[in-house]
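Trainee: Sequence:
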Amino acid sequence: MTIVVSGKNIEVGESLREFINQELKAVVEQYVGDIIEAHVIMSKDNHEFGADITVHIGHHFVVHCHGQDQDPHRAVTNALHKLQTRIKRYKNRLQNRKRHPREELHDAMPALQYVVNATEEDTGGDAPLIIAEMNTQTLSLSVGEAVMRMDLSEVPVLLFRNAATGQFNVVYKRPDGNVGWIDPSLKN
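In case it helps, the numbering used here puts the sequence shown at residues 1 to 188.
If you're looking for bench data, these hints aren't it; they were derived computationally from the structure. Keep in mind that a hint or two might mislead.
Each computed PhoX-like pair below joins lysine-lysine, with the alpha-carbon atoms no more than 25 Å apart [stated by the list, open to error]: (1) Lys25 x Lys88; (2) Lys44 x Lys82; (3) Lys25 x Lys82; (4) Lys8 x Lys44; (5) Lys8 x Lys82; (6) Lys25 x Lys44; (7) Lys91 x Lys25; (8) Lys8 x Lys25; (9) Lys173 x Lys82.
Throw the hints in and build the complete structure from the sequences for me.
Mentor: Structure follows, in structure tokens:
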């Protein structure tokens, strides 16, 4: 298991680095077993410390959590608590996936992922400015698996190919906290 700890506007000391490694390993070993890698980014904004933890549990499976506090150790503890809660919520599904892996890699389709800058002033055109373009995979999933992946990775929208229909579907987080599902194959 590879754990990378870095700092943004902060120097991460050896004691904090050891605390992060020890606590993250304890949470991961308790619920997941072994992981591919983990990235922890510590940041300082005004008077608060932030801890962003990204854990790669398996191929195409990422969990992301954020914790914040005035103490860096408590910020890490808050983020680890969120990670633990999310993994605990989906533990049975994650274990079943390891026992009965689907051949989703054969069903994966290459796609492009864009990061759009919404804060830039409009330069006269109607199109927003694209900041980054990345390659990604569009997986064949059930609706429940798509909602689980969206929740674990903390993304607001997830495009996937519905395993039941073969059509592209979208799940998204609504402003009221519920999850929306767009299926173009459903008829009114």
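Trainee: It remains to establish, for every hint, whether it holds in the given structure.
Mentor: Each hint tested on the structure:
1. Using a Cα cut-off of 25 Å, the hinted pair lysine 25 and lysine 88 holds, with the two alpha carbons roughly 15 Å apart.
2. Our distance criterion of 25 Å between C-alpha atoms is met by lysine 44 and lysine 82, whose separation comes to about 19 Å.
3. The suggested pairing of lysine 25 with lysine 82 holds, with an alpha-carbon distance near 15 Å, which does not exceed 25 Å.
4. For a cut-off of 25 Å, the pair hint linking lysine 8 to lysine 44 stands: about 7 Å separates their Cα positions.
5. The straight-line distance between the Cα atoms of lysine 8 and lysine 82 is roughly 21 Å, inside the 25 Å bound, and the hint therefore holds.
6. For the suggested pair lysine 25 and lysine 44, the alpha carbons sit about 24 Å apart, so the restraint of at most 25 Å is met.
7. Distance restraint check for lysine 91 and lysine 25: the Cα-Cα separation of roughly 16 Å lies within the 25 Å cut-off, and the hinted pair is therefore satisfied.
8. Our distance criterion of 25 Å between C-alpha atoms is met by lysine 8 and lysine 25, whose separation comes to about 22 Å.
9. Between lysine 173 and lysine 82, the direct Cα distance comes to roughly 18 Å. Compliance with the 25 Å bound is thereby established for this hinted pair.
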